[in-house]
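Starting from the given sequences, assemble the full structure and let the hints guide the process.
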Amino acid sequence: MKIALVVGSAVATIKDDKLHGRKLLLVRKTDDSGNPSGSTRVAVDTVGAGKGDVVITVEGSAARRTFDTLDAPVDLAIVGIVDSLEVEGTVTFRKGP
Amino acid sequence: MKIALVVGSAVATIKDDKLHGRKLLLVRKTDDSGNPSGSTRVAVDTVGAGKGDVVITVEGSAARRTFDTLDAPVDLAIVGIVDSLEVEGTVTFRKGP
Amino acid sequence: MKIALVVGSAVATIKDDKLHGRKLLLVRKTDDSGNPSGSTRVAVDTVGAGKGDVVITVEGSAARRTFDTLDAPVDLAIVGIVDSLEVEGTVTFRKGP
Amino acid sequence: MKIALVVGSAVATIKDDKLHGRKLLLVRKTDDSGNPSGSTRVAVDTVGAGKGDVVITVEGSAARRTFDTLDAPVDLAIVGIVDSLEVEGTVTFRKGP
Amino acid sequence: MKIALVVGSAVATIKDDKLHGRKLLLVRKTDDSGNPSGSTRVAVDTVGAGKGDVVITVEGSAARRTFDTLDAPVDLAIVGIVDSLEVEGTVTFRKGP
Numbered sequence: 012m013k014i015a016l017v018v019g020s021a022v023a024t025i026k027d028d029k030l031h032g033r034k035l036l037l038v039r040k041t042d043d044s045g046n047p048s049g050s051t052r053v054a055v056d057t058v059g060a061g062k063g064d065v066v067i068t069v070e071g072s073a074a075r076r077t078f079d080t081l082d083a084p085v086d087l088a089i090v091g092i093v094d095s096l097e098v099e100g101t102v103t104f105r106k107g108p
Numbered sequence: 012m013k014i015a016l017v018v019g020s021a022v023a024t025i026k027d028d029k030l031h032g033r034k035l036l037l038v039r040k041t042d043d044s045g046n047p048s049g050s051t052r053v054a055v056d057t058v059g060a061g062k063g064d065v066v067i068t069v070e071g072s073a074a075r076r077t078f079d080t081l082d083a084p085v086d087l088a089i090v091g092i093v094d095s096l097e098v099e100g101t102v103t104f105r106k107g108p
Numbered sequence: 012m013k014i015a016l017v018v019g020s021a022v023a024t025i026k027d028d029k030l031h032g033r034k035l036l037l038v039r040k041t042d043d044s045g046n047p048s049g050s051t052r053v054a055v056d057t058v059g060a061g062k063g064d065v066v067i068t069v070e071g072s073a074a075r076r077t078f079d080t081l082d083a084p085v086d087l088a089i090v091g092i093v094d095s096l097e098v099e100g101t102v103t104f105r106k107g108p
Numbered sequence: 012m013k014i015a016l017v018v019g020s021a022v023a024t025i026k027d028d029k030l031h032g033r034k035l036l037l038v039r040k041t042d043d044s045g046n047p048s049g050s051t052r053v054a055v056d057t058v059g060a061g062k063g064d065v066v067i068t069v070e071g072s073a074a075r076r077t078f079d080t081l082d083a084p085v086d087l088a089i090v091g092i093v094d095s096l097e098v099e100g101t102v103t104f105r106k107g108p
Numbered sequence: 012m013k014i015a016l017v018v019g020s021a022v023a024t025i026k027d028d029k030l031h032g033r034k035l036l037l038v039r040k041t042d043d044s045g046n047p048s049g050s051t052r053v054a055v056d057t058v059g060a061g062k063g064d065v066v067i068t069v070e071g072s073a074a075r076r077t078f079d080t081l082d083a084p085v086d087l088a089i090v091g092i093v094d095s096l097e098v099e100g101t102v103t104f105r106k107g108p
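Chains as they are written, first to last, in the working numbering: chain A, 12 to 108; chain B, 12 to 108; chain C, 12 to 108; chain D, 12 to 108; chain E, 12 to 108.
Keep in mind that the hints were calculated from the coordinates and are not lab data.
One should not assume that every hint holds.
For chains that are exact copies, the list does not tell them apart, and a pair is met inside one copy or across any two.
[Stated by the list, open to error] Under the rule of at most 25 Å between Cα atoms (straight-line distance), these lysine-lysine pairs were calculated in the PhoX-like manner: (1) K106 x K34; (2) K62 x K40; (3) K106 x K62; (4) K62 x K13; (5) K29 x K106.
And the structure:
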């Protein structure tokens, strides 16, 4: 799984039936401190994530293994909200209050 | 999922049976403003997208989870037409009239 | 799917049973004019493609969704022969006679 | 599969039900001497790996083919702890005591 | 599929049950002459390959479509030993005696 920052959202009226009612968030992969890098992707939120959250995303067929995305044409899903990351004994990211 | 711009189309008379009748569009990945970058890929359209549309594409096995692509040898499908994208509170892309 | 040029072939006497009788072609990804770039891959041909053909390839599990590759250890298959490509209203590739 | 070094861990209280009770480790891909390079990813541990271990990771749907990850939204799993690596007749990595 | 050179082997005593008894080889992707480039990966051998062999590897779910890897947490398998490669009418690689 990859660590990503939720940076925005996408609106698409015309879309596959199985995507209706799904929240489409824009995410960017981050380093282990939650700093974004790389390009913007569209992820289906399955855990109530919002803008500014550092999240755990899954790609590929794994993105369809959540209650909300089962069998939908989805290849990127948010499956966790990161509280903290620790690297080599140092806390590199902690979710704000 | 990735944001992409529809830039053209491909014609292939000889192709897998399950691809017959499918619209093959050429797409290029875009940034969050709809500006294309990267190489041209072939995607099966499942939502009536056309040239110039900024769309949402899914890759891998997810591309076979639409009504039109079920069980077909397809690894890239267009599953939504983007109306607008918003990043950090700013609208970065809005579909023209 | 990706556009690719068939540049050669591979011979492997010792191989998985399910690959026996399959034509293994060497392909290179191309741009939208059929000019190759990137590294050489091995693809299973399923449509009678030959050297010099610009083809449509599928990767991943999609490569096993053809009559010839069902359930075989294959992650790249040729599923179409390109007749023409059109980008922004211009024909960028047309198959020779 | 890829060789990776376990560099830390992630805590996420809010996450998909099927991830509860799973140890989420931070890993970085290494070269054949166990030296890390590339970005930090989140992997589910299935073999009791700990920080400092050089491990074998699997990606994609394979990450769900372990007892601990079956059908969970997981795309990266640790499936082995490396004792030693040998390249061209030379031991390039050996696990410390 | 990709062409790769077998450069070594990995030993892992602690590993997923379904990997026990499997030969774990280190491979590096090659160009069409069998010259390695890119990083070292761990592949499960399914055809009796050995060090120095130029082989055909499959990634992703395809790596589980062999007799030896069925349903195992494996994302890279060796499924053929290359005898020769031919590009643009020239033999670019031929297996030694």
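Status of the hints after comparison with the structure:
1. Taking the closest pair of Cα atoms, K106 and K34 come within 25 Å of each other both inside a single copy (22 Å) and across two copies (19 Å).
2. Taking CA atoms no more than 25 Å apart as the test, K62 paired with K40 passes in both settings, with 14 Å inside one copy and 23 Å between copies.
3. In this homomeric assembly, K106 and K62 come within 25 Å of each other (Cα to Cα) both inside a single copy, at 13 Å, and across copies, at 22 Å.
4. Taking the shortest Cα distances, K62 and K13 sit within 25 Å of each other both inside one copy (17 Å) and across copies (18 Å).
5. Taking the closest pair of Cα atoms, K29 and K106 come within 25 Å of each other only across two copies (22 Å); inside a single copy the shortest separation is 32 Å, beyond that limit.
Consistency note: the structure conflicts with none of the earlier hints.
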